[in-house]
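S.K.: For chain A, the structure is supplied; the task is to place chain B on it using the hints.
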Amino acid sequence: MAFITCRDVSFAYDGATAVSGLNFKVDRGDYLCIVGENGSGKTTLLRGLLKLKQPSSGSVLTGDGLKQNEIGYLPQQTAAQRDFPASAYEVVLSGRLSSRGLLPFYSRSDKAEARENMSRLGVLNLKNRCYRELSGGQQQRVLLARALCATSKLLLLDEPAAGLDPVVRQELYREIELINGERDITVIMVSHDIESAVRYASHILHLRREQVFFGTAAEYTASAAGINFLGGSTDA
Amino acid sequence: MLETIREILSYGFIVRALVVGLLVSLCAALLGVSLVLKRYSMIGDGLSHVGFGTLAAATALHLAPLSVAIPVSVATAFLLLRISGNSKIKGDAAIALISTGSMAVGVVIISMTTGMNTDVCNYLFGSILAMSLSDVRLSVVLAIVVLVLFTFFYSKIFAVTFDDDFARATGVKSGLYNMLIALLTAVTIVLGMRMMGALLISSLTIFPALTSMRLCKKFSTVTVCSVAVSVICFLIGVFSSYVYATPTGASVVIVNIAAFILFWILKFVPWARVRRLFGAKTDLSEKGA
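Sequences listed follow chains A and B, in order. 228 is the number that my numbering gives to position 227 of the first sequence; each next residue is one higher, with no gaps. 235 is the number that my numbering gives to position 227 of the second sequence; each next residue is one higher, with no gaps.
Everything labelled a hint here was simulated from the structure, so no lab data went into it. Owing to the predicted nature of the structure, the values given are computational and were not obtained by experimental measurement. Be a bit skeptical, because a hint or two may be false.
[Unchecked claim] List time: in silico DSSO-like cross-link candidates among lysine-lysine, alpha-carbon distance up to 30 angstroms:
| hint | chain 1 | residue 1 | chain 2 | residue 2 |
| --- | --- | --- | --- | --- |
| 1 | A | Lys128 | B | Lys275 |
| 2 | B | Lys46 | A | Lys128 |
| 3 | B | Lys46 | A | Lys52 |
| 4 | B | Lys181 | A | Lys128 |
| 5 | A | Lys154 | A | Lys128 |
| 6 | A | Lys154 | B | Lys275 |
| 7 | B | Lys181 | A | Lys26 |
| 8 | B | Lys181 | A | Lys52 |
| 9 | B | Lys275 | A | Lys54 |
| 10 | A | Lys128 | B | Lys226 |
| 11 | B | Lys181 | A | Lys68 |
| 12 | A | Lys26 | A | Lys112 |
| 13 | B | Lys181 | A | Lys154 |
| 14 | A | Lys112 | B | Lys226 |
| 15 | B | Lys181 | A | Lys54 |
| 16 | A | Lys52 | B | Lys275 |
| 17 | A | Lys68 | B | Lys46 |
[To be verified] One side only, chain B facing chain A, incomplete, derived with CB under 7 angstroms:
| hint | residue |
| --- | --- |
| 18 | Ala167 |
| 19 | Gly179 |
| 20 | Phe227 |
| 21 | Val230 |
For each residue, glycine too, the CB sits at the ideal point set by N, CA and C.
Bound conformation, chain B alone:
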């Protein structure tokens, strides 16, 4: 196994993909906790479809894909948040509208320019070959920005996630922090999209959060746990995709499904009794507390 790992790391493109993937999984897991709890899970999915449309348009116009896709996705994220706040159009319908709409635009643009080839497949399901050195640089910078902002505003993000009305009523500018969450999500989704695929990227935001919520009972532990779950699942996913020659994005999602099932089963373990059986004093899980 060590031999395989050394072999994997000898490929430059895999190392690049690993760096970008790890950073994206980390950011996605952090933001995912808030998105899932705010019932915004579908925003990530919608944004990735918009990302697909803009990537197609950018390629057709011979523009740098990320420099077009990031601002467009950010703008869409703001739009979706505004729509969710408006009771006239329901948020989920608006997301479905925008995501299928931009998907259709993307497909039409691609078929008119390059035609339906492997590029389309790579956009939809991701490709580990997609990362260039400039992508790595951009990812590192943006991941640092996401991390710093999330840490700096952690308590505010908790407050607007738990109780938006209370936060607003007591003078916290919740609109600003919701925008921040949407902005960081849009950036993360676009960064991870080409490796994970437009159809699969939103799983990186949703799975780790839901998985850790099976066991953890504090916001802080849920956040830390989902980052750990996300990063570990990503590494196992990439490794197994190399060994079994399966698509990277889909492999990572499969590992995430396995982790979710594992945590869900662990939830039913009577921790108090297990601890008594082994006479252990260490409190490994909060379950028995």
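Pulled out of the complex, with its shape left as it was, chain A reads as follows:
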């Protein structure tokens, strides 16, 4: 069975449907990019996959031994966080909480894992720096390290590259590719950046308040929806 299976799923806010007709599955090791215009229901779907929002119809099934506390999440940043007094290390360490249950304090292995994930993402030297004083790219890496502390199976990212300059953005994409390829962590990412999406992802889900396309990235670039959304720029 797949990690996540969506059957005829729709989501609604106050009775108004935000996105409907979702039928797709995510297998272990996949790299799925969810693309579409603003207001097409991408973030809503992601919140649904995280069980932060209940579907108004249909069902979101998790399988293959995936538990709710084994999901890593990189949310969009809120205004409150940009102004939050916390060290990078405190933020990363909080990713270990989900595996602690009711135990109050972090164990030595939790701290070791937090440090390991920070060093893997090249932010260990920022350990004691204040989170709000880091650059946008550094903040995203810190949040990515936190997400990795929470999971060894599935990582969900909500526009991780938003607001970053092109160089930093490419670095971040490469990092995510490594996480997917080397550590065998399934990735589901909401993205605005369609070119990078088809370049790095294995699968594409295109939304326009309903499911327009679901398939592999190669199929997408050849499809009508893909050619249209890529602005006819693909010759491949």
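M.R.: This is chain B only, laid out in the frame that chain A set:
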């Protein structure tokens, strides 16, 4: 000065007020960090107004004030949290509604029963004479409960304060911990209210947190620093209220304002240069790190 301190400590009612006040300042400072960062500062204010209404009602019905006010405030705290989570009514409007509403109820009850006398003034602006021995006992027990729960759930409180969505998405029961914060806040506010006054008590949650955030840059140091600031400001406030015969609650708030301004000025001190000037190796502030 030592003579004055000895003199102060010879009064039983001041000692009682000091014990309750110190415990309340400590708890309020701990919870305040989370409340301020979650943008819930006004909840403390709303709760104290509700506390005023219930105290008035309890006195009119000849019931023990705290045993009525604590459960009602706790219930209101839960209600306010639920409303903040609901996008239809905005949280700040709901708080304003409930706090002014209960204030009005309290004033009407008082004027119908005892009439507008010094009691009302004491409720609003606090009185150092208000603490009985049973209040002290209750405060000690509740302060210990707040301290133990806060320490035990410290990492979870950090997680739900920093990023509620992440905590929920990764399976942490954030609703439960938000409730816990609200519950502890309600208890702390009601305990401190009669000494600090319904109109002033919420400053104990807000000021120390904001003051220490001027200088500290880690959640752990902000928490520890605001506890220290809160306790020290309280002691100075009580001392000066005795010396200058000013109301205790207001004096404590004035000292807190002074501390806030002091920390705010210290923020602009170029620590790296100061350290170089004096050749000191000790890292007193995180500023230069």
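S.K.: So, for every hint listed, does it hold in this structure?
M.R.: Each hint, compared with the structure:
no.: 1; hint: Lys128(A) / Lys275(B); verdict: holds, 22 angstroms
no.: 2; hint: Lys46(B) / Lys128(A); verdict: holds, 24 angstroms
no.: 3; hint: Lys46(B) / Lys52(A); verdict: holds, 22 angstroms
no.: 4; hint: Lys181(B) / Lys128(A); verdict: holds, 27 angstroms
no.: 5; hint: Lys154(A) / Lys128(A); verdict: holds, 25 angstroms
no.: 6; hint: Lys154(A) / Lys275(B); verdict: violated, 43 angstroms
no.: 7; hint: Lys181(B) / Lys26(A); verdict: holds, 27 angstroms
no.: 8; hint: Lys181(B) / Lys52(A); verdict: holds, 12 angstroms
no.: 9; hint: Lys275(B) / Lys54(A); verdict: violated, 42 angstroms
no.: 10; hint: Lys128(A) / Lys226(B); verdict: holds, 11 angstroms
no.: 11; hint: Lys181(B) / Lys68(A); verdict: holds, 15 angstroms
no.: 12; hint: Lys26(A) / Lys112(A); verdict: violated, 34 angstroms
no.: 13; hint: Lys181(B) / Lys154(A); verdict: holds, 21 angstroms
no.: 14; hint: Lys112(A) / Lys226(B); verdict: holds, 17 angstroms
no.: 15; hint: Lys181(B) / Lys54(A); verdict: holds, 15 angstroms
no.: 16; hint: Lys52(A) / Lys275(B); verdict: violated, 42 angstroms
no.: 17; hint: Lys68(A) / Lys46(B); verdict: holds, 28 angstroms
no.: 18; hint: Ala167; verdict: holds, 4 angstroms
no.: 19; hint: Gly179; verdict: holds, 3 angstroms
no.: 20; hint: Phe227; verdict: holds, 5 angstroms
no.: 21; hint: Val230; verdict: holds, 5 angstroms
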